[in-house]
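Novice: Sequence:
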Amino acid sequence: MPPQTPRPSRSSGQEAYDLLLQAIDSGALPAGTRLREAELAERFRISRTPVREALKRLEAQGLVLHEPHHGAAVASLDYGQVAELYHMREVLEGTAAGLAATHATATEVEILREMVERDRGLLGDPPALAASNRAFHRQIRLSARNRFLNATLDTMRISLALLAGTTLAVPGRGVESVEEHAAIVAAIEAHDTAAAEAAARRHIRNAFKVRIGLEHARG
Numbered sequence: 014m015p016p017q018t019p020r021p022s023r024s025s026g027q028e029a030y031d032l033l034l035q036a037i038d039s040g041a042l043p044a045g046t047r048l049r050e051a052e053l054a055e056r057f058r059i060s061r062t063p064v065r066e067a068l069k070r071l072e073a074q075g076l077v078l079h080e081p082h083h084g085a086a087v088a089s090l091d092y093g094q095v096a097e098l099y100h101m102r103e104v105l106e107g108t109a110a111g112l113a114a115t116h117a118t119a120t121e122v123e124i125l126r127e128m129v130e131r132d133r134g135l136l137g138d139p140p141a142l143a144a145s146n147r148a149f150h151r152q153i154r155l156s157a158r159n160r161f162l163n164a165t166l167d168t169m170r171i172s173l174a175l176l177a178g179t180t181l182a183v184p185g186r187g188v189e190s191v192e193e194h195a196a197i198v199a200a201i202e203a204h205d206t207a208a209a210e211a212a213a214r215r216h217i218r219n220a221f222k223v224r225i226g227l228e229h230a231r232g
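Take any residue in the sequence shown, count from 1 to its spot, add 13: that is its number in the numbering used here.
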């Protein structure tokens, strides 16, 4: 694993966790990558103790596996796990959009509209669009005003880090996704709970179809 650009030394387990999670999420540490404490400490310019703590936390969350005689490695999701993950996303993201249609303020609706418009300018940059996509869904969750739903979706977001690449890099998917977001926002603005939930569910189902296509393409 090549070293990253030098950065100030970090020492806490939380910072080590954030760095490792970001590397997994971005694909810099793809599924199956062996995770050796010494190499990671050198790569991220941190000591081995917080790296060890971060690996244990990631293992507890299912992102890292510890295999006897082989050590730690980035986990991977099989087809069944991917299907289960997207099914729960559909249910929970749909619920969040429906609640947002009830609770979102005019200011929050305006923020969501601005996010959609900004995303139209990111269609040529899938990684940036993917980051903005995460922010959009987080804003909907916050607008839903349900801390337990928000916490559950945040936990699910961690599992999504194991999915290789972004579906938004598939030709045409970026445009479709942005228009699907626009439909969700329109329903929230109209305070149409059923329409908002249906639009969000449809959005996640379409993302799942594209994800399965990516998995098949990888063999």
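The hints are simulated quantities; they were obtained by calculation from the structure and are not laboratory data. Honestly, I wouldn't trust all of these hints.
Said to hold, decoys possible - Here are the simulated lysine to any residue pairs, SDA-like style, with alpha carbons at most 20 Å apart:
# : residue 1 : residue 2
1 : K222      : F161
2 : K69       : S89
3 : K222      : Y92
4 : K222      : M101
What the hints assert, rightly or not - Listed next, with one range per pair, are the computed distances between beta-carbon atoms:
# : residue 1 : residue 2 : range
5 : R131      : T46       : 15 to 25 Å
6 : H82       : E192      : 46 to 56 Å
7 : A73       : A51       : 19 to 29 Å
Keep in mind it's a predicted model, so treat the numbers as computed, not measured. Quick reminder that beta carbons are idealized off the backbone N, C-alpha and C, glycines included.
Novice: Now tell me, hint by hint, if it's right for this structure.
Specialist: Okay, the hints, checked on the actual structure:
no.: 1; hint: K222 x F161; verdict: 28 Å, violated
no.: 2; hint: K69 x S89; verdict: 17 Å, holds
no.: 3; hint: K222 x Y92; verdict: 12 Å, holds
no.: 4; hint: K222 x M101; verdict: 15 Å, holds
no.: 5; hint: R131 x T46: 15 to 25 Å; verdict: 33 Å, violated
no.: 6; hint: H82 x E192: 46 to 56 Å; verdict: 50 Å, holds
no.: 7; hint: A73 x A51: 19 to 29 Å; verdict: 22 Å, holds
Violation of the numbered hints given earlier is confined to hints 1, 5; the remaining hints are satisfied by the structure.
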